[in-house]
Every structure is written in structure tokens, then in C-alpha cells.
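Top line first, the protein sequences correspond to chains A and B. For the first sequence, our numbering begins at 1 and goes up steadily by one. For the second sequence, our numbering begins at 1 and goes up steadily by one.
No lab work stands behind these hints, which were simulated from the structure alone. Given the structure is predicted, the values throughout are model-derived calculations rather than measurements. Note that CB positions come from ideal geometry on N, CA and C, so glycine has one too. Check the hints yourself; a few may be wrong.
[What the hints assert, rightly or not] Only part of the chain B face toward chain A is listed, based on derived beta-carbon distances under 7 Å:
#1 Ala62
#2 Tyr313
#3 Glu314
#4 Ala341
[To be verified] Among the chain A residues that face chain B by a calculated CB cut under 7 Å, a handful are:
#5 Glu50
#6 Val52
#7 Arg60
#8 Arg99
#9 Lys124
#10 Leu125
#11 Ser141
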Amino acid sequence: MERERILLKLRERIVAFAASHVQGDIAEDLAQEVLILLHEKYHHVDRLEELVPLALQIARFKIMSLRRKSQRHGEYTQVSVADIQLPDPQADPATLVERKLMLERLTQSVAQLGERCRELLRLKLQGRNFGEIQKRMGAQSINTVYTWDHRCRQQLIELMGGSWETDKK
Amino acid sequence: MSRDEIQKLLGGYATDTLSEAERRALFAAALEDQDLFDALAEEQALRDVLLDPAARQQVIEALGPAREPFAARLWRGLRQPAVLAMAGGLAVLLIVAGIVLRPARHAARPEAMVADAITPTPPTVAPPAAIPPSAALRKKMESRVVGRNPKLPARLPADRALATAQPAAESAASPVPEPVPPPAAPVPPPLSGGVIGGVAGTPAGVSEAKERMLPATPAPAPVLRFGAAAGQAIAGGRFAKTVPKAAVQYSLLVKGADGAYSPVPAGAVFHAGDAVRVQINPGEGGYAYLLQREGSGGWKLVASQQVEKGQRYELPPTGGLQSDVPARLVLRLVLSRREQADVGALATAGQVTAAITVEYR
Numbered sequence: 001m002e003r004e005r006i007l008l009k010l011r012e013r014i015v016a017f018a019a020s021h022v023q024g025d026i027a028e029d030l031a032q033e034v035l036i037l038l039h040e041k042y043h044h045v046d047r048l049e050e051l052v053p054l055a056l057q058i059a060r061f062k063i064m065s066l067r068r069k070s071q072r073h074g075e076y077t078q079v080s081v082a083d084i085q086l087p088d089p090q091a092d093p094a095t096l097v098e099r100k101l102m103l104e105r106l107t108q109s110v111a112q113l114g115e116r117c118r119e120l121l122r123l124k125l126q127g128r129n130f131g132e133i134q135k136r137m138g139a140q141s142i143n144t145v146y147t148w149d150h151r152c153r154q155q156l157i158e159l160m161g162g163s164w165e166t167d168k169k
Numbered sequence: 001m002s003r004d005e006i007q008k009l010l011g012g013y014a015t016d017t018l019s020e021a022e023r024r025a026l027f028a029a030a031l032e033d034q035d036l037f038d039a040l041a042e043e044q045a046l047r048d049v050l051l052d053p054a055a056r057q058q059v060i061e062a063l064g065p066a067r068e069p070f071a072a073r074l075w076r077g078l079r080q081p082a083v084l085a086m087a088g089g090l091a092v093l094l095i096v097a098g099i100v101l102r103p104a105r106h107a108a109r110p111e112a113m114v115a116d117a118i119t120p121t122p123p124t125v126a127p128p129a130a131i132p133p134s135a136a137l138r139k140k141m142e143s144r145v146v147g148r149n150p151k152l153p154a155r156l157p158a159d160r161a162l163a164t165a166q167p168a169a170e171s172a173a174s175p176v177p178e179p180v181p182p183p184a185a186p187v188p189p190p191l192s193g194g195v196i197g198g199v200a201g202t203p204a205g206v207s208e209a210k211e212r213m214l215p216a217t218p219a220p221a222p223v224l225r226f227g228a229a230a231g232q233a234i235a236g237g238r239f240a241k242t243v244p245k246a247a248v249q250y251s252l253l254v255k256g257a258d259g260a261y262s263p264v265p266a267g268a269v270f271h272a273g274d275a276v277r278v279q280i281n282p283g284e285g286g287y288a289y290l291l292q293r294e295g296s297g298g299w300k301l302v303a304s305q306q307v308e309k310g311q312r313y314e315l316p317p318t319g320g321l322q323s324d325v326p327a328r329l330v331l332r333l334v335l336s337r338r339e340q341a342d343v344g345a346l347a348t349a350g351q352v353t354a355a356i357t358v359e360y361r
């Protein structure tokens, strides 16, 4: 698939995805910003397997940035001027906190998984692909491993409250 | 890959588990499917966390210790002290059981005489040629060692069998038809060494094998025959025309170190110097004669005894048959209702009740 065609498809998907998280016109702008970044900074990336995760990561950062910006502007919570926090010069502390909270929830949730799911997730985190996991766990086919992983993922999401992130809106 | 199958690849995105082909399939499908794209975008949050090696290690630790492979778990389980103790105990139990049961199994194999109820058959057909069994038949009959033939209908201990044996005087006393004139009486080779058992009133001229093959017909007085060698012992017999024979059971006794004579088991081998007696239990009263063949081919009377029904007698009553060198003593046991003056005639086939061979080695 050509890069231009991939980018067109990506724009369409990003707009639709962002629209469910931010306002419609902002979603358009967000998708446009992602594409501009891909075009200017990552113009050498043209493979599908690299472009999609890169676009997803940029889009997520943009959405998170928009949320924090709107919070700072008081769009959701009106606070007095005296209570407005001063900007921290440290690198993105909000992101660090969010990751820390999410990691805590994640560690608590994975401990509640069944033995097979925990073993499967452990192997995945150790960097093994599904083919290796199949041999390691003695599954008859790789589709069996896909099914196990799908169910384990669903179970883990439920244990985490239905979403990976806490402040999903 | 179908859409459902691609959906299952979502779990591999955050952990970066997907192969190149799986990633390509997932992303291509996500570009065409908004739901899949949204799900993929949701996974990005988890992916961002797990991209940090420290965070990844923290999650791994939260998963607990890794599960060992099945073989390793099995081996670890088997090495538990309780399992080892149980396995050891079981092994000891099996060994003890094997040791205990083995002699018990041998002990349970009695050297029993075999009582075989057969029907006396009238000597209607007694071709002289049928009298001496063939070599193959002899071998077959000799192989039917006492207590080894499973087809025999009853088994009795040796002493009990002798004590409770039914006399068969009726068969011997029953009138017999005129026999075919006997040819030159070929005496069959008698059974060697330590034969236990005797013959009671079986009409001569009918071989053991032939008797056993006859169908069992109701008989007024079945004859109890002891020992597989019984048929051998009477081989060569003829119908007694003038001297009715009587039933008799016999066994061999050997003199022990204490001077007492005791029964010998089946298949016993006598050694030079052993003193041997023949113990008889006649089925009816009369006269018992024990003859021994001499080197010249003639017969000498070893012992004679007037006997009564159901009483036991030992022949010879004093002393015993003996040989100081390896030899084969060929004996004839005759039980007659009347006293016989012509002892030499007793050794003829028609008078013989049992042929006995005592072999010294």
C-alpha cells in the first residue's frame, strides 16, 4: 500500500476516533496535526507496520494534550485564579502520573488473572511471539493461542474497570 | 485471516508480541475498519506503559512466579518426601509379598495322587497288538505325572487317597468273556523308579489310553485308579482264566535313617543301598504275591501274604528289596483270591496285577 493512500486512510480513522474523545472540529484539527507531523518529521517512514502505530501514538499524545489544555483553560472545572497551579518545568509530570496510576491498576489486575492468562501475559512481556508461546504452552495451533490471548485481554480490561485508562471520556 | 481472527491480534499489539505478518494484517484491517482502529488506538495507552522496561518488569513480577513445565512439576511432585516414602513403602510391600507368596505357591503344589474314576470296560476287543503301547503313547502317558493332569476330575492327597480308595473287587470279580488267546506275552516296559499307585481289577488287554478315551457309561462299581503310571503298571496283563485277580492299591516305601519305612514321592530315585518295600491295600481278601525277575529271566518269589480287604500290608514284611549297585528291579505284584501253589505261573502276564520297577542309580 502506498504511503499517500495509507495517510489518507489514517486521517479518516483518526478523525473518527478523535471525534469520540474531543469535539468534532477539534478532531479534524487533531488529525491534520498528526498528518503534518508524519509528513514533516517522519517522512522517511512509509511502511504500514510503522506508520499506523506511529500515528496512533501521536494521536494519543495530541488528545491527552488537548485534555490537559482544556483543563488548564477551565473548560471542565472552573477554579479561582488563586488555585490555578503554576506550570511545572519538569518534563510532562501529568503523563508520568497517569502512567504510574495505570501501572498500579495494571499490576493489581494481572495478579487476579487465571494461571493460563498470567503465564501467557508473562511470555508476551518477555518478548516471545505467538508462535513461541504456542510451543511453550503446548497449544495445538496458533489460533488457540490467539483465542486464549483475546479472552485474557477481555478479562484484564474488565478487571481494570472496562478501560486501560482511568480518565477516558 | 478473518475479521474475528484479526480482532484476536489486538492483545499482541500492546505487548509488541506480533510478528511482522501479524502486524501487517492487523494494521491493514484497522485502516479499513473503524471499530478495529478505535480498539487499536485504545490499546496504545497500555502499549505506552509497557514500552517502559521498568514498568514491564513490574508487571511481570506482579504475575507471580513462572509456572514450571509439566515434566518439571511432575518431577518436583515425585520428589516430595511423602511421595518418596509412599513409593518406598509400596516397593517394600511388593518385595515382601513376592517373597511370601512364592514359597506359598510352591507349597500349594501338592505331590498328590490323582484319583481318576473310570469305568471298567469289558474286554471285548483286546487285540494283542494293542497291548503294548506305542512309544509315542508311552511317552504321552508317562508325561501324565501324578497331580499334573488338569483334566483329571479329582485330586486327593497321597495318604488320603490311599486310605479312602474304593476297592474295585466287583470289576475283578465280574465275569469276563472268553478272551482272545494271548500271543507270546510281550510285557511292556514298566515305569521306572518310585512309582506310586497301583491297579485295581482292570481287565487286562485294555491299554490305559484306550480306557480313558472310552465314553463314561454308568457303571455299577467305578474303579479308582491311582497314579498316572497305573496303566503302565498293568501293561502286559491278560485275562486270568483260572485265577481271578483282585483289586489292589500299592505304594513304595523306602527305609529311612531311623529304620522306619516311609512312602516315597512320585518320581523319587533310589540310590544304591536303599531298602524298598511295597505297601499294598487290597480291595478284597486273598493272597498277595511279590515276585522279582532274576538275571536269568526267571522269577523268584520275594514275599507272599494272606491279606484281607482294606488292610495294609508291606511286602516283604521283613527286610526290603535292595541293590548295592545301580540296577533296575523288575517286580510283579499278584493278588489272588485263592492261594497259589505254582508260584512260577504267577509271573505270567495273565496273573500279574501290577508290574513295578524300582530303579537304583
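- Message: So, as I understand it, the hint says lysine 124(A) touches chain B; can you test that by seeing if any CB pair is closer than 7 Å?
- Response: Holds - the Cβ of lysine 124(A) comes within 7 Å of chain B, reaching about 4 Å at its closest.
- Message: For the restraint on valine 52(A), tell me whether the closest CB of chain B is nearer than 7 Å.
- Response: Since the shortest Cβ distance to chain B is 4 Å, the answer is holds.
- Report holds or violated for the interface hint on arginine 60(A), using the least CB-CB distance to chain B and a cut-off of 7 Å. Arginine 60(A) check passes; min Cβ-Cβ to chain B is 5 Å, inside 7 Å.
- Interface hint for leucine 125(A), Cβ within 7 Å of any Cβ on chain B: 5 Å, holds
- Would you settle whether the hint for glutamate 50(A) is holds or violated, based on the nearest Cβ-Cβ distance to chain B being less than 7 Å? For glutamate 50(A), the interface hint is violated, since the closest Cβ of chain B sits about 9 Å away, which is over 7 Å.
- Does serine 141(A) pass the interface hint, meaning its C-beta sits closer than 7 Å to a C-beta of chain B? Violated - the Cβ of serine 141(A) stays beyond 7 Å from chain B, reaching only about 11 Å at its closest.
- Item | Hint check: 7 Å Cβ-Cβ cutoff, arginine 99(A) to chain B | Holds, because the Cβ-Cβ distance from arginine 99(A) to chain B comes to roughly 5 Å (cut-off 7 Å).
- Task: Against chain A, run the beta carbon of alanine 62(B) and see if the smallest gap drops under 7 Å.
- Result: This interface hint holds because 4 Å falls under the 7 Å limit.
- Does tyrosine 313(B) pass the interface check with chain A, least Cβ-Cβ distance below 7 Å? 83 Å, violated
- Item | Restraint check, 7 Å cut-off on beta carbons, for alanine 341(B) near chain A | 99 Å, violated
- Task: Could you check if glutamate 314(B) really has its C-beta closer than 7 Å to a C-beta on chain A?
- Result: 81 Å, violated
Hint violations for this structure: numbers 2, 3, 4, 5, 11, all remaining hints satisfied.
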